[in-house]
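Q: Please take these sequences and the hints and turn them into a complete structure.
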Amino acid sequence: MTVLAAAADQPTLEDFGTDVWWIVLIKIVGVFGILVLLTLFAIVFERKVVARMQQRIGPNRVGPRGYLQSLADGLKLAFKEDIMPALADKPVYFLAPVIATIPAFLAFSVIPLGPVVSIFGQQTPLQLTDAPIGVLVVLACSAMGVYGIVLGGWASGSTYPLLGSLRSAAQMVSYEIAMGLSIVAVFLYAGSMSTSEIVAAQADGNPVSFFGLEFTGPGWFAVLLPVSFVIYVIAVVGETNRAPFDLPEAESELVGGFHTEYSSLKFALFFLAEYINIVTVSALAATLFLGGWRAPWPISIWDGANSGWWPLLWFFLKVVVALFVFVWLRGTLPRLRYDQFMRFGWKVLVPTALVWILAVATMRTVAREADLSTGQVALFVGVPIALLVLGGLFLAGRATNRATRIAATKAAAGSNHPTDAEPEVLPPSGPRRRPARPTGPSRAEGGFPVPPMDLTVPPSPRLRRREAVAPDGAVVGTGRRSTTTIEEDVDDRAR
Amino acid sequence: MNPEVVLGTGEAVVFWVLAPVALAGALGMVFSRNAVHSALWLVMTMLSLGVFYVVQEAPFLGAVQIIVYTGAIMILFLFVLMLVGRDSSDSVVETLRGQRVAAIVLGLGFAGLVGAGIARATQDLAVTGLAAVQNAGTSNIEAIAALLFTRYLLAFEVTSALLITAAVGAMVLAHIEHEPGTRRTQKELSRARFLTDRPQTLPGPGVFARGNSVAVPALLPDGRLAEDSFATGIEPQEADQMPRPTGRGQLGSPDAALGTLDPAPSDTPGGREGGQHR
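Those sequence lines, one after another, are chains U and P.
Counting from 1, one number per residue, gives the positions in the first sequence under UniProt numbering.
Counting from 1, one number per residue, gives the positions in the second sequence under UniProt numbering.
Please keep in mind that the hints were generated in silico from the structure rather than gathered at the bench.
Just so we're clear, the structure is a prediction, and the values are computed from it rather than from any experiment.
Treat the hints loosely; a few may be bogus.
Here are the in silico distance ranges between beta carbons for each label pair [unchecked claim]: (1) U/Ile102 / P/Leu202: 42 to 52 Å; (2) P/Leu7 / U/Leu372: 43 to 53 Å; (3) U/Phe120 / P/Leu7: 25 to 35 Å.
A few chain U residues that face chain P, going by a derived Cβ cut-off under 7 Å, partial list only [to be verified]: (4) Ile102; (5) Phe105; (6) Leu106; (7) Ala131; (8) Pro132; (9) Ile133; (10) Leu136; (11) Leu139; (12) Ala140; (13) Ala143; (14) Val173; (15) Pro226.
From the three backbone atoms N, C-alpha and C, an ideal C-beta is built for every residue, glycine too.
A: Below is the structure:
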């Protein structure tokens with residue numbers, strides 16, 4: 001019953017490219033408006049959620065409960081001074097933000113927002129366009145978006161932006177590979193690269209019979225292809241330059257990264273492009289792995305959930321959940337070091353994705369030859385293998401963390417030196433070593449440094465004021481603290 | 001031309017808009033002095049080609065053109081060009097006499113040869129169109145996959161072997177052999193640092209000093225040199241320094257810079273007593 005209802009609403013590739021021109025115009029304006037509004041929302045949402053995670057209130061001045069803050073910020077940005085650095089390459093400096101923004105908007109055109117609906121009497125799918133290569137359009141757009149960042153950094157004619165843009169070029173190219181590979185398994189299962197057909201492929205659950213017990217497993221590719229999903233999530237965080245992978249704009253190292261020299265509307269365009277990219281990859285995650293606009297399980301029991309305009313709600317709920325994960329990562333994880341980051345991308349993500357594609361393709365072939373259903377394969381092959389791998393990872397993790405765990409146990413039991421000095425300790429580095437002070441416990445006991453334990457509160461400088469002269473005649477001390485330091489030294493010696 | 005194949009209106013419009021763009025990109029790539037500008041012009045041409053592929057019912061080829069050529073290969077080009085330096089424009093001095101004229105003549109001749117050859121070869125070719133070649137019901141992607149993994153499998157495999165060889169070769173050339181144990185790991189370095197008396201960073205040159213050269217050590221508050229700030233491998237030098245102001249008389253009052261007031265401002269800023277500065 002639900003299958004039939006779904007089939008009626010589900011757009012196919014033939015439904016696209018036949019719209020009247022004003023429907024197309026409405027859809028274009030709609031997608032544009034959705035993206036801009038989602039950007040405004042995402043900025044406030046991020047600031048509020050991060051504030052809650054850090055025990056702060058967050059923006060609360062502009063508009064009701066501060067929800068118009070990003071609108072005010074956007075207006076403020078537009079009225080700022082537009083600075084053109086003297087060393088900038090002018091045409092490229094001007095073009096870079098535009099190049100970054102246009103592909104960001106384009107990529108959203110293939111994201112399906114809902115089923116076939118009626119707009120002013122016209123039956124049309126809630127999706128600007130689709131093609132047999134739908135998902136590749138998103139990949140192509142993100143590939144073009146790299147140019148904006150790279151050129152912006154180069155054209156600024158300054159060191160930090162150049163370093164930031166070099167980092168981002170390397171980062172986005174390498175994480176794009178992992179992202180592309182993670183999607184391949186979805187293509188294999190859905191049998192299509194078109195986004196609307198991938199959503200359709202997740203429409204129905206997989207009927208499974210577990211020793212006579214019949215039930216319907218979930219159809220989401222996040223459940224069927226968990227490895228792909230995890231790799232995709234990690235890769236898009238790197239692809240969108242978000243924390244903990246925000247090395248191109250690492251504030252503590254590169255000022256602002258590629259957009260250090262940008263101001264006013266050009267900076268606003270970069271900002272817009274970054275948040276639109278986040279929204280787009282979130283929407284793509286929902287489309288590819290979380291069932292698209294289709295209602296999640298408890299709601300999908302209701303027949304009307306997957307028809308009409310309701311799916312818009314499910315879709316945007318999924319997008320907001322994905323946005324929340326982005327914010328959550330930013331609020332939780334510290335930034336990676338650059339070499340660790342690249343090693344992770346090339347030596348962990350890409351090989352894992354390759355092995356996973358091999359396994360998925362093999363299982364597909366075996367299942368087809370042996371006439372097994374997807375649900376059976378997932379239950380009787382996937383689950384045991386997943387348990388084995390997870391168990392192995394757990395044991396390996398315990399083995400590598402053994403020293404830390406023992407140290408933590410000792411520290412919890414009250415040990416002063418949780419990290420025992422190891423016998424093969426290397427000599428201290430560097431040519432300059434001051435002899436340790438005779439007073440106080442030695443700091444070089446293998447543990448972390450402790451402050452001197454015999455600190456006394458110095459007497460107030462207001463009580464005694466004397467000429468600050470050391471015994472050998474040299475003037476010691478500076479400013480108003482001089483008297484007290486001398487007093488302290490004398491006291492120490494007397495003791 | 002085969003009269004059955006009709007150029008659609010949209011296709012014609014796209015062609016006449018994008019063909020000049022693609023040509024302009026190609027010419028701009030040849031004529032711009034700046035290497036990065038050249039690369040950008042080339043990107044424009046490649047994008048136009050990608051759109052042409054899509055319009056001619058080969059969407060997969062178009063997407064791959066954009067992802068692989070513009071997205072990956074040209075980015076790597078840019079990567080190298082940016083490292084070369086932004087001011088390295090082409091020199092206009094001819095090192096070989098007559099080189100430019102010869103290059104133009106040869107280039108035109110080559111273009112003429114290739115163009116004429118292709119024109120001759122495709123003159124009376126029957127055009128069937130993609131839809132007829134790809135069996136009805138299979139999409140462009142499936143048709144490409146079927147050909148790639150059956151008829152052209154050997155060429156496909158050989159190409160991938162070539163690419164892998166190139167990648168491995170580049171890695172071997174760039175690889176530097178490190179004997180295990182010759183370099184301290186980050187963990188060892190960190191532990192060694194915490195065993196010293198100073199786990200934090202060393203003071204840089206120029207703290208309290210009047211020069212910012214790496215050879216100028218930092219000064220302690222009493223005027224002695226801070227030994228911690230000596231740069232490794234550089235003898236500390238007495239660089240040209242501004243004379244060290246001694247006392248309020250030479251430093252002057254910070255308020256003095258703001259002009260005079262009536263009555264004359266107090267010499268002790270903020271009314272603080274005993275503000276003795278050296």
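Q: Now tell me, hint by hint, if it's right for this structure.
A: Structure-based check of each hint:
About 48 Å separates the C-beta atoms of U/Ile102 and P/Leu202, a value consistent with the hinted range of 42 to 52 Å. In this structure the hint that P/Leu7 and U/Leu372 lie 43 to 53 Å apart at CB holds, the actual value being about 49 Å. The supplied range of 25 to 35 Å is met by U/Phe120 and P/Leu7, whose beta-carbon atoms lie about 33 Å from each other. For the restraint placing U/Ile102 at the interface with chain P, the shortest Cβ-Cβ distance is roughly 11 Å, beyond the 7 Å limit, so the hint is violated.
Using the Cβ-Cβ criterion of 7 Å, the hint placing U/Phe105 at the interface with chain P is not satisfied: the shortest such distance is roughly 16 Å. Taking 7 Å as the C-beta contact cut-off toward chain P, the hint placing U/Leu106 at the interface is violated, the least distance being around 11 Å. Proximity of U/Ala131 to chain P holds as hinted, the smallest CB-CB distance being about 5 Å (cut-off 7 Å). Evaluation of the U/Pro132 hint against chain P yields a held restraint, the C-beta minimum of about 5 Å falling below 7 Å.
For U/Ile133, the interface hint holds, the least distance from its beta-carbon to any beta-carbon of chain P being 5 Å, beneath 7 Å. With a cut of 7 Å, the hint placing U/Leu136 at the interface with chain P holds, because the nearest CB-to-CB distance is about 4 Å. Because the closest C-beta pair between U/Leu139 and chain P is about 5 Å apart, less than 7 Å, the hint holds. For U/Ala140, the shortest C-beta to C-beta distance to chain P is roughly 4 Å, which falls under 7 Å, so the interface hint holds.
For U/Ala143, the suggested interface contact is upheld, since its CB lies about 3 Å from the closest CB of chain P, less than 7 Å. Of the supplied interface hints, the one on U/Val173 holds, with its beta-carbon coming within about 6 Å of a beta-carbon of chain P, less than 7 Å. Annotation: U/Pro226 was flagged as interfacial toward chain P, and the flag is violated, the nearest CB pair being 26 Å apart, outside 7 Å.
Going through the hint list in order, the structure does not satisfy hints 4, 5, 6 and 15.
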